[in-house]
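Given the sequences, and given the hints that come with them, work out the whole structure.
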Amino acid sequence: FFFCTPHLIMKFSSIIALFLTIASADAFFGVTVQSPRSSTSLNAKHAMKKAAKGHNAYRPKKSRPSDIKRAPVNYSLPKDNEKPAEYTLGGK
2 FFFCTPHLIM KFSSIIALFL TIASADAFFG VTVQSPRSST SLNAKHAMKK AAKGHNAYRP
62 KKSRPSDIKR APVNYSLPKD NEKPAEYTLG GK
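If you're matching positions, the sequence shown starts at 2 in the numbering used here and goes up one per residue.
Some clues are possibly wrong.
Claimed, not checked - For lysine-lysine, the following DSBU-like pairs were computed, each having C-alpha atoms within a straight-line distance of at most 30 angstroms:
| hint | residue 1 | residue 2 |
| --- | --- | --- |
| 1 | K54 | K80 |
| 2 | K63 | K51 |
| 3 | K46 | K62 |
| 4 | K80 | K70 |
| 5 | K50 | K63 |
| 6 | K70 | K51 |
| 7 | K50 | K62 |
| 8 | K84 | K70 |
| 9 | K50 | K80 |
To be verified - Here are the in silico distance ranges between beta carbons for each label pair:
| hint | residue 1 | residue 2 | range |
| --- | --- | --- | --- |
| 10 | H47 | V74 | 47 to 57 angstroms |
| 11 | M49 | L78 | 39 to 49 angstroms |
| 12 | K51 | D81 | 38 to 48 angstroms |
| 13 | L21 | A53 | 43 to 53 angstroms |
| 14 | V74 | A53 | 18 to 28 angstroms |
| 15 | I10 | A45 | 29 to 39 angstroms |
| 16 | M49 | S77 | 40 to 50 angstroms |
| 17 | K63 | S25 | 39 to 49 angstroms |
| 18 | K50 | I10 | 57 to 67 angstroms |
| 19 | C5 | S25 | 19 to 29 angstroms |
| 20 | K50 | F13 | 25 to 35 angstroms |
| 21 | L78 | H56 | 51 to 61 angstroms |
Think of the hints as simulated: they come from the structure by calculation, not from any bench. These figures come from a predicted structure and were not determined experimentally. Don't be surprised by glycine CBs; every beta carbon is placed ideally from N, CA and C.
Rendered as structure tokens:
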């Protein structure tokens, strides 16, 4: 059971104020830890995918057999010597 007396309240408030003072001073004057390697070390484990290559991970996957085995679209282009059919306008 805790009895709140003015003496204990002052004691706890002074301890809290001391702790906050030390913590704030440590934030400004703390010791900086330097890496044993050069200061420009990035510590990168592997190269990351950039832009469109990274977004390919979120594209829908081909799960149906008809999608997986789909042949490319065949656009039949006219040959060089073939002409398209001629049209007549309003002729009888």
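| query | Can the suggested window of 40 to 50 angstroms be confirmed for the beta-carbon pair M49 and S77? | reply | holds, 43 angstroms
| query | Quick one: are I10 and A45 within 29 to 39 angstroms, going by C-beta? | reply | With a Cβ separation near 53 angstroms, I10 and A45 fall outside 29 to 39 angstroms, so the hint is violated.
| request: Could you grab the alpha-carbon distance between K70 and K51 and see if it respects the 30 angstroms cut-off? | output: holds, 29 angstroms
| Is the straight-line distance between the alpha-carbon of K50 and that of K62 30 angstroms or less? | holds, 19 angstroms
| query | Keeping to a limit of 30 angstroms between CA atoms, is the pair of K54 and K80 held or broken? | reply | Roughly 37 angstroms between the alpha carbons, so the hint for K54 and K80 is violated.
| said: Check the hint pairing K46 with K62 against an upper bound of 30 angstroms on the C-alpha distance. | reply: holds, 28 angstroms
| Taking the CB of C5 and the CB of S25, does the distance hold inside 19 to 29 angstroms? | Holds - the Cβ-Cβ distance for C5 and S25, about 27 angstroms, lies within 19 to 29 angstroms.
| Cβ separation of H47 and V74, checked against the hinted range 47 to 57 angstroms | The hinted range 47 to 57 angstroms is violated for H47 and V74, with Cβ atoms some 37 angstroms apart.
| field | Cβ separation of V74 and A53, checked against the hinted range 18 to 28 angstroms | value | holds, 22 angstroms
| task | With 51 to 61 angstroms as the target window, see if L78 and H56 comply at their CB atoms. | result | At roughly 33 angstroms between Cβ atoms, H56 and L78 fall outside 51 to 61 angstroms, so the hint is violated.
| field | CB-CB spacing for L78 and M49 relative to the 39 to 49 angstroms hint | value | holds, 41 angstroms
| said: Hinted pair, alpha-carbon criterion (30 angstroms max): K50, K63. Please report holds or violated. | reply: Given that 30 angstroms is the threshold and the Cα spacing comes to 21 angstroms, the pair holds.
Of the numbered hints listed earlier, those contradicted by the structure are 1, 8, 9, 10, 15, 17, 20 and 21.
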